[in-house]
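Protein chains: 2
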Amino acid sequence: MAFQKPKGTEDYYPEDMAIKNSIFASLRATALRYSYKEVSTPAFETLSLLTKKEGDEIKQQIFTLEKRSKEEFGLKFDLTVPITRMFIENQKTLAKPVKWFSLDRMWRYEQPQKGRAREFYQLSIELFGADSIYADAEIISLAIDCLLDLGLTEKDFYLKLNNRNLLQALLLEIIPKNKLESAIRIIDKKSKISEKEFEEELKKEGIDNIDKINSLLKKDINEIKTTNSNVKKALDDINQLLALLEDKKKFIKFDLSTARGLAYYTGIVFEVFDSNNKYRSILGGGRYDNLVEMFQGQKTAATGFGLGYATLLLLLREKNLLPGSENYVDFYIAPVSEKEIKEALKIASKLRKKYSAATDIMARNLGNQFKYANKIKAKKVIVIGENELKSGKLTVKDMDSGKEEKVELKDLI
Amino acid sequence: MAFQKPKGTEDYYPEDMAIKNSIFASLRATALRYSYKEVSTPAFETLSLLTKKEGDEIKQQIFTLEKRSKEEFGLKFDLTVPITRMFIENQKTLAKPVKWFSLDRMWRYEQPQKGRAREFYQLSIELFGADSIYADAEIISLAIDCLLDLGLTEKDFYLKLNNRNLLQALLLEIIPKNKLESAIRIIDKKSKISEKEFEEELKKEGIDNIDKINSLLKKDINEIKTTNSNVKKALDDINQLLALLEDKKKFIKFDLSTARGLAYYTGIVFEVFDSNNKYRSILGGGRYDNLVEMFQGQKTAATGFGLGYATLLLLLREKNLLPGSENYVDFYIAPVSEKEIKEALKIASKLRKKYSAATDIMARNLGNQFKYANKIKAKKVIVIGENELKSGKLTVKDMDSGKEEKVELKDLI
Numbered sequence: 126m127a128f129q130k131p132k133g134t135e136d137y138y139p140e141d142m143a144i145k146n147s148i149f150a151s152l153r154a155t156a157l158r159y160s161y162k163e164v165s166t167p168a169f170e171t172l173s174l175l176t177k178k179e180g181d182e183i184k185q186q187i188f189t190l191e192k193r194s195k196e197e198f199g200l201k202f203d204l205t206v207p208i209t210r211m212f213i214e215n216q217k218t219l220a221k222p223v224k225w226f227s228l229d230r231m232w233r234y235e236q237p238q239k240g241r242a243r244e245f246y247q248l249s250i251e252l253f254g255a256d257s258i259y260a261d262a263e264i265i266s267l268a269i270d271c272l273l274d275l276g277l278t279e280k281d282f283y284l285k286l287n288n289r290n291l292l293q294a295l296l297l298e299i300i301p302k303n304k305l306e307s308a309i310r311i312i313d314k315k316s317k318i319s320e321k322e323f324e325e326e327l328k329k330e331g332i333d334n335i336d337k338i339n340s341l342l343k344k345d346i347n348e349i350k351t352t353n354s355n356v357k358k359a360l361d362d363i364n365q366l367l368a369l370l371e372d373k374k375k376f377i378k379f380d381l382s383t384a385r386g387l388a389y390y391t392g393i394v395f396e397v398f399d400s401n402n403k404y405r406s407i408l409g410g411g412r413y414d415n416l417v418e419m420f421q422g423q424k425t426a427a428t429g430f431g432l433g434y435a436t437l438l439l440l441l442r443e444k445n446l447l448p449g450s451e452n453y454v455d456f457y458i459a460p461v462s463e464k465e466i467k468e469a470l471k472i473a474s475k476l477r478k479k480y481s482a483a484t485d486i487m488a489r490n491l492g493n494q495f496k497y498a499n500k501i502k503a504k505k506v507i508v509i510g511e512n513e514l515k516s517g518k519l520t521v522k523d524m525d526s527g528k529e530e531k532v533e534l535k536d537l538i
Numbered sequence: 126m127a128f129q130k131p132k133g134t135e136d137y138y139p140e141d142m143a144i145k146n147s148i149f150a151s152l153r154a155t156a157l158r159y160s161y162k163e164v165s166t167p168a169f170e171t172l173s174l175l176t177k178k179e180g181d182e183i184k185q186q187i188f189t190l191e192k193r194s195k196e197e198f199g200l201k202f203d204l205t206v207p208i209t210r211m212f213i214e215n216q217k218t219l220a221k222p223v224k225w226f227s228l229d230r231m232w233r234y235e236q237p238q239k240g241r242a243r244e245f246y247q248l249s250i251e252l253f254g255a256d257s258i259y260a261d262a263e264i265i266s267l268a269i270d271c272l273l274d275l276g277l278t279e280k281d282f283y284l285k286l287n288n289r290n291l292l293q294a295l296l297l298e299i300i301p302k303n304k305l306e307s308a309i310r311i312i313d314k315k316s317k318i319s320e321k322e323f324e325e326e327l328k329k330e331g332i333d334n335i336d337k338i339n340s341l342l343k344k345d346i347n348e349i350k351t352t353n354s355n356v357k358k359a360l361d362d363i364n365q366l367l368a369l370l371e372d373k374k375k376f377i378k379f380d381l382s383t384a385r386g387l388a389y390y391t392g393i394v395f396e397v398f399d400s401n402n403k404y405r406s407i408l409g410g411g412r413y414d415n416l417v418e419m420f421q422g423q424k425t426a427a428t429g430f431g432l433g434y435a436t437l438l439l440l441l442r443e444k445n446l447l448p449g450s451e452n453y454v455d456f457y458i459a460p461v462s463e464k465e466i467k468e469a470l471k472i473a474s475k476l477r478k479k480y481s482a483a484t485d486i487m488a489r490n491l492g493n494q495f496k497y498a499n500k501i502k503a504k505k506v507i508v509i510g511e512n513e514l515k516s517g518k519l520t521v522k523d524m525d526s527g528k529e530e531k532v533e534l535k536d537l538i
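Sequence lines, in order, name chains A and B. Per the numbering used here, the very first residue in the first sequence carries number 126; after that it's consecutive. Per the numbering used here, the very first residue in the second sequence carries number 126; after that it's consecutive.
Warning: the hint list may mix true and false statements.
Quick list of in silico lysine-lysine cross-link-like pairs, DSS-like style, CA-CA up to 27 angstroms [stated by the list, open to error]:
hint	chain 1	residue 1	chain 2	residue 2
1	A	Lys475	B	Lys343
2	B	Lys195	A	Lys132
3	B	Lys357	B	Lys403
4	A	Lys479	A	Lys444
5	A	Lys373	B	Lys471
Please keep in mind that the hints were generated in silico from the structure rather than gathered at the bench. Just so you know, these numbers come straight off a predicted model, no measurement behind them.
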């Protein structure tokens with residue numbers, strides 16, 4: 126075959142598209158019920174914006190556009206960066222807190238693998254201007270409700286919760302400050318590598334007291350005893366958060382090793398996984414109080430999360446929770462011969478005021494028309510012949526039950 | 126300001142986004158009622174695919190991606206090309222006729238101007254596998270219904286209809302075959318240039334009998350008398366089409382000068398303009414029976430149209446037909462002090478089973494909370510204080526009328 130779609134991208138045929146539309150509609154409804162409003166940003170942004178947060182190393186993963194003018198552009202690889210730019214452009218006039226969401230497509234140049242493609246879709250939730258723990262509670266509650274509203278239950282997923290300030294304060298009791306960043310980076314990937322690899326990576330960075338780190342990361346929240354005021358403050362925050370999330374308790378696992386690699390998180394962080402840890406994380410987020418300022422806005426507290434469509438789809442499929450694709454047609458109007466096509470078109474046109482309707486546009490015989498009506502999942506078929514038009518009495522055939530019903534043409538519409 | 130969005134692109138803030146969602150929902154509903162199914166293709170395609178139809182000159186208008194592997198990619202600039210590729214990949218198994226639509230975003234590198242940006246949205250309707258005039262009638266009827274369903278009327282727009290075969294056959298009575306293509310190209314832009322420019326361009330191509338061409342293009346369909354069998358055949362087609370579109374007659378103007386520049390149209394062509402000819406065309410389409418084969422599929426009749434969001438939006442705004450943006454929140458729960466925030470969160474959470482609800486996550490005083498509730502267009506505000514929680518009796522304030530109502534907490538949810 127000569128022309129193919131680019132590797133790592135997907136065509137959505139009607140069935141898959143209906144599923145995506147239906148899942149997006151559910152996510153949209155959940156966000157709207159939480160009083161979040163939908164926004165959208167361009168597909169590409171200036172390269173200076175895109176590389177600002179994570180530095181030049183991210184450039185390798187950006188689909189850059191060929192330079193046509195002075196400016197360099199790249200396709201967006203997340204939604205937080207462009208939405209933050211958009212927030213800053215009208216920061217002064219927007220009523221705070223600003224609660225936004227976006228359901229959009231983005232791109233990353235990397236080797237395609239299961240649940241991760243070069244073109245992918247995410248729901249992004251962004252909350253600007255609220256630095257309280259209530260804001261974190263709202264975001265986490267919204268994240269869990271997004272999944273519950275799709276039919277998932279506590280048997281299917283759990284949320285790992287941590288406070289980066291707590292992890293940092295506790296680590297600083299064991300390791301020196303200049304090792305902190307690399308320690309967090311390695312801890313963040315602990316669940317993806319072996320114990321041995323974990324130890325080796327730490328050693329490579331000159332971090333030795335690995336036993337202490339290991340025993341620290343296993344601690345439950347009640348096991349952390351301290352007189353250190355930084356630890357205490359971080360512990361208070363997370364305990365207050367857990368109290369606010371009482372009704373979502375069964376979904377939440379405190380986990381000191383959850384760090385969310387990216388350097389820009391500043392407080393509460395969380396990640397959702399399927400209960401069997403079979404897939405990549407379904408969603409992840411947290412607080413990033415420095416990002417707006419980093420992008421040259423006025424310093425603003427912010428929190429949010431990103432939910433990937435690809436992993437969500439894998440889990441929903443496994444749990445038999447894919448929304449029934451409403452890929453049917455209410456009526457198919459079958460003209461007996463070409464003579465009746467014009468009348469069939471008229472009837473279809475009238476039915477379309479209320480229903481979906483298809484009719485013959487191929488001048489096919491009745492047998493082939495019924496085959497086609499079956500293929501497009503027509504619920505009811507109405508045959509239009511000379512007699513029907515003369516008498517004004519139509520036969521409506523239910524394609525599931527096979528039952529036929531006589532209806533007056535004038536009553537049908 | 127340091128970071129700005131790229132020129133010719135748009136941020137959709139909540140108000141504009143709600144309008145776009147609402148217009149898209151209307152277009153989607155119309156297409157579904159006609160039994161068309163939604164599909165979607167990647168943002169970028171191989172450059173060889175994108176340039177196949179219109180040749181290398183289109184390359185200037187394509188946002189190409191920087192080369193990362195052997196393949197060259199560009200952002201799509203229309204939907205017909207990628208959807209045709211997608212059709213061909215499963216051509217053998219799809220039930221014919223295939224009726225698809227797509228509502229998507231695309232990109233063109235050109236100077237931004239009113240109603241035409243570098244990033245833009247279109248509805249594309251594609252019908253594969255039906256070569257009858259009934260298919261053309263269905264597509265045109267669907268195009269008109271898309272606009273009627275948005276509230277536009279025959280006072281607001283009209284559809285120019287032509288048959289390229291008719292234009293060609295009539296031109297060949299006046300000019301030699303080797304001048305045909307350039308003549309059609311120039312005729313196609315007649316309405317955009319002056320009479321003098323029109324004549325000059327024709328002369329430059331060595332076409333002299335301009336008076337004959339001018340008088341030909343003014344002819345109404347009844348004024349075309351002929352014994353030429355090609356003209357007759359093309360005339361029959363369009364007369365049959367007009368008969369099928371009887372109920373849409375008032376929208377349709379026969380216009381021999383409508384050619385749809387692109388070389389790939391093969392029969393019926395049409396374009397919709399606002400009645401004052403103030404804007405660019407709102408939609409345009411026609412039959413393209415050679416395209417599937419040109420893209421190395423098995424020869425398949427095809428027809429369809431593309432409707433641009435930008436021009437549609439300009440017209441709907443002028444006619445005061447923008448859908449009311451449903452940018453409100455059902456309930457705002459106002460805790461009197463920080464002590465009541467936890468209860469307020471619980472009540473909001475329960476209300477969200479059915480309604481949209483916001484609550485205070487900033488620990489603000491009541492005055493500031495009411496200001497915020499106003500800004501986010503909360504319909505009703507419920508104040509939660511110590512007394513309310515003790516008595517279980519809440520006051521629900523309607524923000525429009527100012528009326529207050531006493532409600533039992535347990536009855537609210």
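Verification of the supplied hints:
no.: 1; hint: Lys475/A to Lys343/B; verdict: violated, 35 angstroms
no.: 2; hint: Lys195/B to Lys132/A; verdict: holds, 12 angstroms
no.: 3; hint: Lys357/B to Lys403/B; verdict: violated, 35 angstroms
no.: 4; hint: Lys479/A to Lys444/A; verdict: violated, 35 angstroms
no.: 5; hint: Lys373/A to Lys471/B; verdict: holds, 11 angstroms
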